[in-house]
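Protein chains: 2
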Amino acid sequence: METETKDTTIKTLTPDLLQKINAYWRAANYLSVGQIYLYDNPLLKEPLKLEHVKPLVVGHWGTTPGQNFIYVHLNRIIKKYNLDLFYIAGPGHGGPAIVGNVYLEGTWSEVYPNVTQDEAGLKKLFKQFSFPGGISSHVAPTTPGSIHEGGELGYSLSHAFGAAFDNPDLIVACVVGDGEAETGPLATSWQSNKLLNPITDGAVLPILHLNGYKISNPTVLARIEDDELEHFFKGCGWKPYFVEGDDPLTMHELMASTLEKVIKDIQGIQKNARSTNDNTRPRWPMIILKSPKGWTGPKKVDGLQIEGTFRSHQVPILVDADHPDHVQLLESWMKSYKPEELFDKNGTLNADLAELAPIGNRRMGSNLHTNGGILLKDLHMPNFHDHAVSVPSPGAVTGKDTTVLGEFLRDVAKLNKDEHNFRVFGPDETLSNMLGSIFETTNRQWEARIEEYDEFLAPSGEVIDSMLSEHQCEGFLEGYLLTGRHGLFNCYEAFIRIVDSMFSQHAKWLKVTLELPWRRKIASLNYLLASHVWQQDHNGFTHQDPGFLGHVISKKADVVRVYLPPDANCLLSVFDHCLRSRHYVNVVVAGKHALPQWLTMDEAVIHCTEGIGIWQWASNDQGSEPDVVMACCGDTPTLETLAAVSILREHLPELKVRVVNVVDLMKLQSSSEHPHGLNDQDYDSIFTKDKHIIFNFHGYPWLVHRLTYRRTNRELHVRGYKEEGTITTPFDLRVQNDIDRFHLVIDVIDRLPHLGSKGDYLKQQLKDKLIEHKHYVSEHGKDLPEILNWKWNNK
Amino acid sequence: METETKDTTIKTLTPDLLQKINAYWRAANYLSVGQIYLYDNPLLKEPLKLEHVKPLVVGHWGTTPGQNFIYVHLNRIIKKYNLDLFYIAGPGHGGPAIVGNVYLEGTWSEVYPNVTQDEAGLKKLFKQFSFPGGISSHVAPTTPGSIHEGGELGYSLSHAFGAAFDNPDLIVACVVGDGEAETGPLATSWQSNKLLNPITDGAVLPILHLNGYKISNPTVLARIEDDELEHFFKGCGWKPYFVEGDDPLTMHELMASTLEKVIKDIQGIQKNARSTNDNTRPRWPMIILKSPKGWTGPKKVDGLQIEGTFRSHQVPILVDADHPDHVQLLESWMKSYKPEELFDKNGTLNADLAELAPIGNRRMGSNLHTNGGILLKDLHMPNFHDHAVSVPSPGAVTGKDTTVLGEFLRDVAKLNKDEHNFRVFGPDETLSNMLGSIFETTNRQWEARIEEYDEFLAPSGEVIDSMLSEHQCEGFLEGYLLTGRHGLFNCYEAFIRIVDSMFSQHAKWLKVTLELPWRRKIASLNYLLASHVWQQDHNGFTHQDPGFLGHVISKKADVVRVYLPPDANCLLSVFDHCLRSRHYVNVVVAGKHALPQWLTMDEAVIHCTEGIGIWQWASNDQGSEPDVVMACCGDTPTLETLAAVSILREHLPELKVRVVNVVDLMKLQSSSEHPHGLNDQDYDSIFTKDKHIIFNFHGYPWLVHRLTYRRTNRELHVRGYKEEGTITTPFDLRVQNDIDRFHLVIDVIDRLPHLGSKGDYLKQQLKDKLIEHKHYVSEHGKDLPEILNWKWNNK
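Chains A and B, in that order, are what the protein sequence lines are. Everything in the first sequence is counted per this note's numbering, starting at 38 for the first residue and increasing by one. Everything in the second sequence is counted per this note's numbering, starting at 38 for the first residue and increasing by one.
It is possible that some hints are incorrect.
In silico DSS-like links for lysine-lysine, alpha-carbon gap of 30 angstroms or less [stated by the list, open to error]:
| # | chain 1 | residue 1 | chain 2 | residue 2 |
| --- | --- | --- | --- | --- |
| 1 | B | Lys804 | A | Lys372 |
| 2 | A | Lys726 | A | Lys759 |
| 3 | B | Lys86 | B | Lys161 |
| 4 | A | Lys819 | B | Lys82 |
| 5 | B | Lys806 | A | Lys593 |
| 6 | B | Lys271 | A | Lys231 |
| 7 | B | Lys548 | A | Lys548 |
| 8 | B | Lys276 | B | Lys298 |
| 9 | A | Lys161 | B | Lys811 |
| 10 | B | Lys271 | A | Lys593 |
| 11 | B | Lys308 | B | Lys117 |
| 12 | B | Lys86 | A | Lys231 |
| 13 | A | Lys728 | B | Lys728 |
| 14 | B | Lys231 | B | Lys414 |
| 15 | A | Lys759 | B | Lys558 |
| 16 | B | Lys276 | A | Lys276 |
| 17 | A | Lys728 | B | Lys819 |
| 18 | A | Lys161 | A | Lys231 |
| 19 | A | Lys548 | A | Lys86 |
| 20 | B | Lys806 | A | Lys161 |
| 21 | A | Lys804 | B | Lys593 |
| 22 | A | Lys548 | B | Lys276 |
| 23 | B | Lys48 | A | Lys160 |
| 24 | A | Lys271 | B | Lys271 |
| 25 | A | Lys301 | A | Lys117 |
| 26 | A | Lys301 | B | Lys271 |
| 27 | A | Lys811 | B | Lys276 |
| 28 | A | Lys819 | B | Lys811 |
| 29 | A | Lys819 | B | Lys806 |
| 30 | A | Lys161 | B | Lys298 |
| 31 | A | Lys231 | B | Lys82 |
| 32 | A | Lys593 | B | Lys804 |
| 33 | A | Lys548 | B | Lys160 |
| 34 | A | Lys819 | B | Lys160 |
Quick caveat, the hints were computed from the structure, so don't treat them as lab data. Please read all numbers here as calculations on a predicted model, not as lab measurements.
Using the sequences and the hints given, assemble the complete structure.
Following this line, the structure appears as structure tokens:
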């Protein structure tokens, strides 16, 4: 380059390397356009015709050349410094970029040997993209090197930080789209640098890709002033570097030299922190890449500006039978990359370009962290029996379920401390959810200022719960799991719904990866939903939503599990199972207030292993069909059902009552629909074919109907949460939703007319009791002593 | 004050006013503590005893004194400048602050006359707080002056901007908690100033309440450096003012003088913009208030620091039978406010303090915008018949449903332009959802830089869709509706789930306000879910989630409505109804691609009014019971059901087929559960009591089972989305989920064994057809011509 010789500043790229990098980028751009458009004629060896173009051209061009640009530069820096670095594509609809690069570096053909690195392979590569039976238009589980699916936007940085935790030698390069940057989850995730320890964690390198447009609008960050943009990122605690322009060769040098600085910064921060044990929060570097949307694509089509505008977001040229002249445009565009200079006659990338990519597992598509199951080690598990609550007889003692679990989790954290592969996430609720025992062995990780009265904060620790963002907790945990580690997310039950949509995307990821043999199974995503709908104190109506369960089970049965342990020993047994399990989403609902304990640990293990069972000790139908089945699921419904049963057995001793408790919700569904489901015979043997079932449920009643609509017994009457009640006493909330003992007994009487006047008499007594309750509570602000003092009496 | 006379700078507050403001603040603080703790003895006329304290003390003290501080200062500035200004409490768990202030200003006693402004009223005020049968501990619908419930955090600023749009004389003071500020939705909502027009909209004054702690953690924004904090807000486009300290008198002067500057800034910006028509984006002022958490509360309790730490978040002193000595502590705390100087013997606020509050509707609790139904005007509605698609016979023409709706919405926007009370919100999807016609009459409002190639952007316009944040769209629309205007949120179906939790909170708000006669009904929240699960092109598996419907109907039947119009004329009829309706959440699912049109406008109106109906023109069971009921709900399922019926009628003409279409999903539920529900007789007359129903549904199949589980006819077989398929052809996606015509016919044959060999033969033909389809699609990337060209033939 002439300019090189005139320029006296020292360049990062030699003229030769500059040209090679540009050529590699052209190759990636060529492959990207080919994927979007071409059905055949991949090397354009013959003049392009309409029949070479896919019948339905779909995909996203706009972000793609910029991501190709980033990828080739990351390749260079990885190779130069032998970095352990992988790539997260926030604007993941730019699938062609990542797929193309993973192909160029050779990973794609290793994972999918039918797509060879020659003309035949190129044809397959192009055809499969966004084609029926092929691959998604987004970065997806099918894309080697990805832990982050394109599609729903906003979670890239949270995923990146999740991956970087406890991976001190890893750098996660996270490309953030400027559209994505407008989502709430992404906006708050810039603050994650307050949670990343420079000694024990890796680094996250955000690259804000400011190409200026979303689908049809400009982006906010592209239309504020430069000083505002810089203020913003400094305010978020970053050291921003700008890489801005549209001339490819100038931009290559700028990007290369900036990456040199950035890697120097990262390595300097880490070296300093690690050699001096200095935990001061660093100002980590980030890059703001301003490049035209649809860079190097068609400038104008039919008189409309395409490059550098929103019009390049998806397909910049419509090539179909209605636009035959556009075939020529497409061909010119593709030929502008000079494929003949890039690929040999066989369609293989020229060797001098191929050698620009890193090799082996340093290739971003082959980075082991991105197929975390490979790195996954079993947790060292404490014996949960050691944490058993002693239960001399059912209901004889009370216990706080999550407090007991907290002690178990403390020991899990302790046993795996050296492995650095277990973390607890939460939105400032770990203490509120009564898991505080974990702080006997570890702390909450926090790199911002620590002051005198803070508790359990330290620069490094296994708990991350110092940001009030459910989105961040979910994103961190997903990133942590996807890179081969273990963990859980503890959350108020109502507010887990903030991440409904994130859960869906993760469940979809799990479903698709199950179909990919090369993707190894990862640890399950465990939710502990405490502070649940029935256990309000400082909060009310806004904190009541047990609907996550219904949301979860709309996903594929292969990957979702739901548990509602009735007491602490069952919770221990269930959680031990969840932490050992793989590739599920486990939802566990548990209370934090003192409630009666029902089962010994041995009984709990049996009960949880079965997932559902008749509680013989509470039933009096031994050896015969019951008159009524009293079923319950969830800690509070179980308490009320047992209290109802004690009333029934006292006042109507001749009535044969069977008590059924459900821990594993999916047992209710048919075995043909869920692997945990009971077959009809077993279901009928528990619930009978025709006796009335009064089912007391933790969540919305219809969920039980939805799970059981194929069952024979239609005499199913479900009580559950029906959006009534706000701040009140625990028992009154149950009364307002009809799940209390009195309503349950009335339910039985209403359905068994043969009880006659004896039933009517009891019913009237209970109605009077409900009135007494109401008066007492509104006068005294607490429950009747007989409710507070009630105990199961196993006569 | 001595310091006053020595100080030569001019103070905003005279010594007398300073003392009065401080006294008013003490009164508010006193009332706050009283609400949290006291059951009796409200003026502490006798020594405090345990029995004067509530048996269960719950509430949040931490944020409360700071909010009391803000409230009294806003009172002053409102009164001084006669401002139309109301208050949003982001940290809305500080209910005692807002309730106390609304009581002090007199609004509470006007709305709830039993709570008088005397000792008896004080006792009621205190007792009702967080007490069974009383009011919530959070700011709630019961709180006059509120449009924003405390509880779930993160939406305050979006609500504030929604309220400010099209209210040019309004200032919305929005207190943002520093915990709340960590949520994603709040983090992105700082950017809303790029969407607020200084001429046609009002102002939002954010007051970041930096009291340093959440439940048990410090907050991020309180633990970064001051220069970072300033950078951050400048980067977000604000002009930040700091008010920092803990000495009350100093802080009063500082807050007062800062509010003077802030109001001057706001009025200056507006005056300049309005007098010169200058739309340049202003740097609006905001306040960062750094004050101790639990300010003026107990400093230490049992040796632990309380004031200024997380320990003051909820109840700073535990007063119960186990802590009898704490009664004295509480009494000292309350007496530190010197109630005897604030209230007269009757318990009425002294007149010289009472006059600090604004009067009439200038009181923040009485601000009319906060009871938006009062201000609500009916929309001027165009005649939707004018937009009718001409349908000569069923299926004779195709149409793009949302395109037709877009023309209707354009006319709604046009007719209400002068009223400034109708807005369309969306996350950059209004064009993608094919509502582009609206831009013939208006623009997308955008205050950031506008460049050459932008489309439909202008400083002022009725569409707000230039931020890619579903949270913002939902929050803006809620704020807009709650202040008495109309609007809709258009969104991709899958991504509406991002706001699952926000929808829940709004539905809960609607439910509670229905129970409050003084709260006037507001316009319905209308969702248009386009780009739905069956209509993917550039996207795949990640964009498929029809589960919002199931989420919505878990809320109270009084407030939720769900519509799935099968064609454009039905969509028009439904949407006309939704825009006229009040106090509902209406969910409308509609497609954007060309599909057959079935009903004339007159037929559509009848069909949508009924909500469900037998399509006689497609059925051949006239005058008798059918052999099978082919039911459908949703545009794509309707198409496939009709195609299946045409196969049945051609190949099995002797079979009597009834076609039922459902527009109003809630018709399926029992009339005892939903006001729209069919009674059993009507349901049975449509669906029969025992014939097989093959129900083709838009969403998850179980939703139909959940709605119908109480119905007599159990022979219900539902097809719907089952999480299969990604990018493929439209028809193939249906095949992969078994909702296509061929599977439907096979379903019929499988359930009617009496069809014998004729059925078997047809079944085999269809299976062959499915194989042919599969091969064709994977080879050609498009659907079989016979599928693309299929038309209903009404023989």
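We went through each hint and held it up to the structure:
no. : hint                : verdict
1   : B/Lys804 x A/Lys372 : violated (45 angstroms)
2   : A/Lys726 x A/Lys759 : holds (27 angstroms)
3   : B/Lys86 x B/Lys161  : holds (18 angstroms)
4   : A/Lys819 x B/Lys82  : holds (26 angstroms)
5   : B/Lys806 x A/Lys593 : holds (28 angstroms)
6   : B/Lys271 x A/Lys231 : holds (20 angstroms)
7   : B/Lys548 x A/Lys548 : violated (37 angstroms)
8   : B/Lys276 x B/Lys298 : holds (11 angstroms)
9   : A/Lys161 x B/Lys811 : holds (18 angstroms)
10  : B/Lys271 x A/Lys593 : violated (46 angstroms)
11  : B/Lys308 x B/Lys117 : holds (18 angstroms)
12  : B/Lys86 x A/Lys231  : violated (46 angstroms)
13  : A/Lys728 x B/Lys728 : holds (26 angstroms)
14  : B/Lys231 x B/Lys414 : holds (28 angstroms)
15  : A/Lys759 x B/Lys558 : holds (23 angstroms)
16  : B/Lys276 x A/Lys276 : holds (22 angstroms)
17  : A/Lys728 x B/Lys819 : violated (53 angstroms)
18  : A/Lys161 x A/Lys231 : violated (45 angstroms)
19  : A/Lys548 x A/Lys86  : violated (39 angstroms)
20  : B/Lys806 x A/Lys161 : holds (26 angstroms)
21  : A/Lys804 x B/Lys593 : holds (25 angstroms)
22  : A/Lys548 x B/Lys276 : violated (48 angstroms)
23  : B/Lys48 x A/Lys160  : violated (78 angstroms)
24  : A/Lys271 x B/Lys271 : holds (10 angstroms)
25  : A/Lys301 x A/Lys117 : holds (12 angstroms)
26  : A/Lys301 x B/Lys271 : holds (29 angstroms)
27  : A/Lys811 x B/Lys276 : violated (53 angstroms)
28  : A/Lys819 x B/Lys811 : violated (65 angstroms)
29  : A/Lys819 x B/Lys806 : violated (68 angstroms)
30  : A/Lys161 x B/Lys298 : violated (66 angstroms)
31  : A/Lys231 x B/Lys82  : violated (50 angstroms)
32  : A/Lys593 x B/Lys804 : holds (25 angstroms)
33  : A/Lys548 x B/Lys160 : violated (58 angstroms)
34  : A/Lys819 x B/Lys160 : holds (18 angstroms)
The structure does not agree with the numbered hints 1, 7, 10, 12, 17, 18, 19, 22, 23, 27, 28, 29, 30, 31, 33 stated previously, though it agrees with the rest.
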